[in-house]
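Top to bottom, those sequences are chains A and B. Each residue of the first sequence is one higher than the one before, counting from 1 in the working numbering. Each residue of the second sequence is one higher than the one before, counting from 1001 in the working numbering.
A couple of the hints might just be wrong.
Facing chain B, a subset of chain A residues (Cβ under 8 Å, in silico) [said to hold, decoys possible]:
(1) Ala15
(2) Ser51
(3) Val96
(4) Gly99
(5) Cys106
(6) Arg130
(7) Arg139
(8) Gly142
Facing chain B, according to a computed beta carbon distance under 10 Å, are these residues of chain A, among others [said to hold, decoys possible]:
(9) Glu48
(10) Gly104
(11) Pro108
(12) Thr122
(13) Pro124
Some chain A residues flagged as far from chain B (calculated, every beta-carbon gap over 10 Å) [claimed, not checked]:
(14) Glu14
(15) Leu16
(16) Leu56
(17) Glu58
(18) Leu65
(19) Leu67
(20) Asn123
To be clear, the hints were calculated from the coordinates, so they are not data collected in a lab. Bear in mind that the values here come from a model prediction, so they are computed numbers and not experimental data. C-beta atoms are modelled at their ideal positions from N, C-alpha and C, and glycine is treated no differently.
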Amino acid sequence: MPNETQPHLNVNGEALTIDDAWLGESLLYTLRERLGLYGSKNACEQGECGSCSIMLDETLVCACLVLTGSATGKDIKTIESLAPEGSLSTIQQAFVDTGAIQCGFCTPGLLITIKDFLDENTNPTDLEIREAISGNLCRCTGYGRIVEAVRIASKTHDETEGGN
Amino acid sequence: MTTIESYESKTKSGVGVSAQRPDAVPKATGEFPFSSDLSSHNMLWGQTLRSPYPSARIKNIDISEALSISGVHAILTANDVPGKNLFGLEHPDQPVLADDLIRYAGEPIALVAAEHPEVAAKAINAIHVTFEELTPLIDAESSITADPIHPEGNVIRHLKIDYGDPSTTGDLVIEGTYEVGMQDQAFMGTESGMAVPSPDGSVDLFISTQWLHSDQKQIIEALDLPEDMVRLTLAGVGGAFGGREDVSMHVHLCMLALHTGRPVKMVYDRNESFLGHVHRHPAKIWYRHHATKDGRIVKVEGKIILDGGAYASTTSAVLANACCFSTGPYRVSSAQIEGWGVRTNNPPCGAMRGFGNVQTCFAIEAQMDKVASALGIDPVELRLINALEQGDTIITGQKITGAAPVKEVISSLAGHPMPGPAENNLLARPGGTGRTTDQKHIKRGVGFAVSIKNLMFAEGFDDSSEALCQVDDGNVAIHTACVEVGQGFITLVHQIAEEVLGTSDITVIPADTSIGSAGSTSASRQTWMSGGAVLKACEAVVVKLIEQIFEDEGVKYENLDGTLVSEDGTKTIPVAEALKGRSFHEKVIHRHAPTFPLNSKGQGDAHVSFAFAAHRAVVDVDQELGLVRVIEIATSQDVGRILNPLQAVGQIEGGITQGLGLAVLEELVMKNGVIQNANFTDYLLPTALDTPPIEIAALIEEPEPGAPFGAKGIGEPPTISSTPAVVAAIRDATGVDLRRVPVRPEDIALE
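Sequences are here, hints too, so could you generate the full structure?
What follows is the structure, given as C-alpha cells:
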C-alpha cells in the first residue's frame, strides 16, 4: 500500500508500534484487524451508532471517525480494558444480570459510553441515562433493560474501575 | 403488572425462571466472536460490485484494469458461477451475479478478492461495466398489467379469500386506503462471514444467517457441489429480524475462496447492507368495513398490494399472511379479500418481523377506530365486541382450536393505569432539546390496537427441527442447527435440558449443517420447533436410561418430574445422578401438526397456532411543528406460558420499539427505484430518547395445546400492533386522518 507509516499507539496501557498501517486507515480498522481487538464493533462507519465507542485521551469517540495517524501518542482505551481478564466491571455485571444483552453487537460500545457517563454522573435520572446512551443504537432490546442496568450500576459504580 | 421475578421453577435455571444467557458474559467483555470478527492466516478480503441502476442491460464488463492492480487475486463475474446462476429462498429466481439484465439498484455484478479491503475497493472501482439504462418499473399497482420484468412474470402471487356470504350488509360502511413504507431490519451487525477452502475442493462457510440448511441448499446448486462439500457453521449473529433469512454473500464468499484457494472474508458496510438484504414489503391497502349499529363487524372487503421488488424471496408467504389475517383478531361473518404480491425494479422485499401481518394490522386498526367513532362506541369496547375466541373461525375457514385469550389481552391492557404528565424538561418534549416546542402547544393523545399473528410456517410446508441429546460418560451435550440471533434460544436449550435431565452442566454444540435442519429462526417458531426437538431428545435419553438400568439391575423405574422411582417405590434416584457414568446418543426430529394449502377460495387449515397482543400508546404532539414524542407504550400479550421472563420482556420491549420505528421514524426512501437513505444518518432508528418506557400490563398464560410447555412464540406480536397504536394516538392528539406509515412531520403539520 502507498503512504504506509508506523504510528505509535498507546492501547489499553500498552505502547505499540503498528508496522504497516496506511495513512488513511481508521483507528477502528487498526484496532480490529491489525491488533486483533475485535471488541469494538463496526456497524455504520459514520459515527451514528456508537458501536465502536472508545476512549481517546479520556474523551469518548467513535473509533470509525478517527484516523489511526491522528491517534499517535494518544491514550486509547477499548472494551478489552474495562475489567481485568476473568472479571466483570459493575456495569458489565449489571448488563448480564438485567437482560440488557440480546445479540450483543451494540454492547461493547454502550459499556464504554456508560462508564464515561457514570464517571461524571453518579446519580442519574432515567432521562439523563437515555440522553447519555442516545448516541448508541441498539436494535434488539428497546433500551428498557439497558436503562435498568445503568440504574443499578450507578449505585455501585466505581470510577477507578477499568484502569483509569 | 407482571413482574419478571414472579415465576418459579423446580430447578434453579429450568423452565420458567429468568435464567442468564450463557453468552452474556463474553458479549459483555467483547470476546464473543461475531461473524465480522473472524480472521484466518493468509486471508483475503472480498467485495462486491453492485449496479447503480434499477433497470439496465449489461453490455460489457471489462475487468482488465482491476485485475492488474497489485494485491488483487480474483475478479469473478456471472461466467464464473460454477452451477446454476440462480438462488432464492422459496424458489430460485435471482441471479447469483447479474449476467444480462439488472433488475434492481444494488444487484451484484462482480466480485473481488484482494489482500486488503482498500485494495479490493480500488479494484471494484476499476471494473468498467457498460450499461444500457432501461426505464425502471417502480409502481406496484401498474406492475400487475405492465410488461414483465422477469421471465416468471410480474405477479408473484395473486390470492383471493372468499369467506361467508358476499351479499352480507351492515348498517354502516367505512372505507379507507392506507400505505405502508419500506422498513428495514437494520440489524446492528452487518452481513459478514468467511469461507475457508479445503484442498479436496470443498468449502467451509462461517456465516451469520437465520437458516443454515436453506443457505446450504441454495449454495450447492450455485456451486454445483454435493451437500457434504459445502459445510456451514453459524458465526456470531448481530441481530436478524428476517433480514438474514435470504442468502446474501454466501455463494460469493464460497466462489472467491474456491477460486483463490485462500480463506476469504467479507463484511458489508452499512450502505451495502441496506442494498444486500430484503426489506419489509411496502403496501397499499384498501378496506371497506361493514358493521351493525351495535358494533359487530359483519363484512370486510379488502385489496392488498405488496411490492415484492425485483425477486420473489418470501413474497408469496408474506402475502398469504397479509390476506389470511386481513380482518385482524376479530370475528367476521363475511370477507372478500384480494391480494397481489408483485415484482418491480425496487429492491427485493421479504421477511421482516411480523411478516405481512404488520402491513394489514396498521390498516385494520385504523378502520376499527373509524367504525368506533362513527358508531359512537369506545374503541376498546368495539374491539371487545368483535374479539375472536377459542372455537371461532377465521376467514380462511380455519377453526381456532388453541388458546385465544383476545378479550383478556384487551381488558387487562385497558385497565392498566395511564402515565402522568411528561417531565418538565426540554428533553422530554416532542423533538427534544434541538427543537423549539413550547409546552402550551403540546397535545396528548392515546391510541389502542390489537393484533393476531400465526406461529410457524404455513400452507402445508413440512416444518421440522432435529435435535441431538448426547450423554458421554454422564456429560450432557445438545446439538441443533437452530440459529441464535440474539433472541435467547441458547438460554432455552439449557433451561429445557435442565428441566428434563436435572443438571445445569450442559454443553451446547455450535449450530452447523452436520445435523439435520432446524428450520429458520423466524415466524416465532424456534421455541416450539427446536425447543420441542430438544425436549423430545432429552426425554428420549431418559427413556433409554430407564431401559439401561432395567437391563443392568432388573429394576423397573418410572420418571417422576426428574426423579426415577422404582416400581415398588422403595428406590429413588435423580435423573442427573443416574446419568453419571452412562452414555446415550438420542437424535429426534420434531414436527408440529400438519397444515394444508389454501384452496382457490383462500380456504384451508393453513396455520398451526395463533398469538395475540394489544398495545396502548400515549403520545405528546406539537402539531404546528409536526413533532411527536411517544410517552409510553403499554402492552398485554398472549404468551401461552413464559419460559424465561427476562427474555420475554426483552423480546417485547425490543419488538415494540421496532413497531414505534415504523410508526414515526423508519423508512427507506425510494426515488425512481434507488434508495435515497441507505445509511444510519438518514435511515432513522429509534434511539433511547425516542423510545419511551414500556409497560407490561399482563402476560396472559393460557397454555397452548400441542406446544412444548404450552409456550407460544413471543417474538413477532410486539412489532405488529404497536405501530397502529402509536398512529392512533397521534390521530387522537391531532384529529388528522393519518393513512400512511411512517408518519412524517409534514403529514401532521401540513394537514
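Taking the hints in turn, this is what the structure says about them:
1. Ala15: Violated - the Cβ of alanine 15 of chain A stays beyond 8 Å from chain B, reaching only about 21 Å at its closest.
2. Ser51: Nearest chain B Cβ about 6 Å off; hint holds.
3. Val96: The hint holds - valine 96 of chain A has a Cβ within 8 Å of chain B, the shortest such distance being about 4 Å.
4. Gly99: Nearest chain B Cβ about 4 Å off; hint holds.
5. Cys106: Holds. Min distance 5 Å.
6. Arg130: holds (4 Å)
7. Arg139: Holds, about 5 Å.
8. Gly142: holds (4 Å)
9. Glu48: holds (4 Å)
10. Gly104: holds (3 Å)
11. Pro108: holds (4 Å)
12. Thr122: Constraint on threonine 122 of chain A not satisfied, violated at 19 Å.
13. Pro124: violated (12 Å)
14. Glu14: holds (16 Å)
15. Leu16: Label holds. Min Cβ-Cβ 18 Å, cutoff 10 Å.
16. Leu56: holds (17 Å)
17. Glu58: holds (20 Å)
18. Leu65: Correct as stated: the minimum Cβ-Cβ distance to chain B is 12 Å, above 10 Å.
19. Leu67: Check passes; 13 Å lies beyond 10 Å.
20. Asn123: holds (16 Å)
The structure is inconsistent with the numbered hints 1, 12, 13, although it conforms to all the rest.
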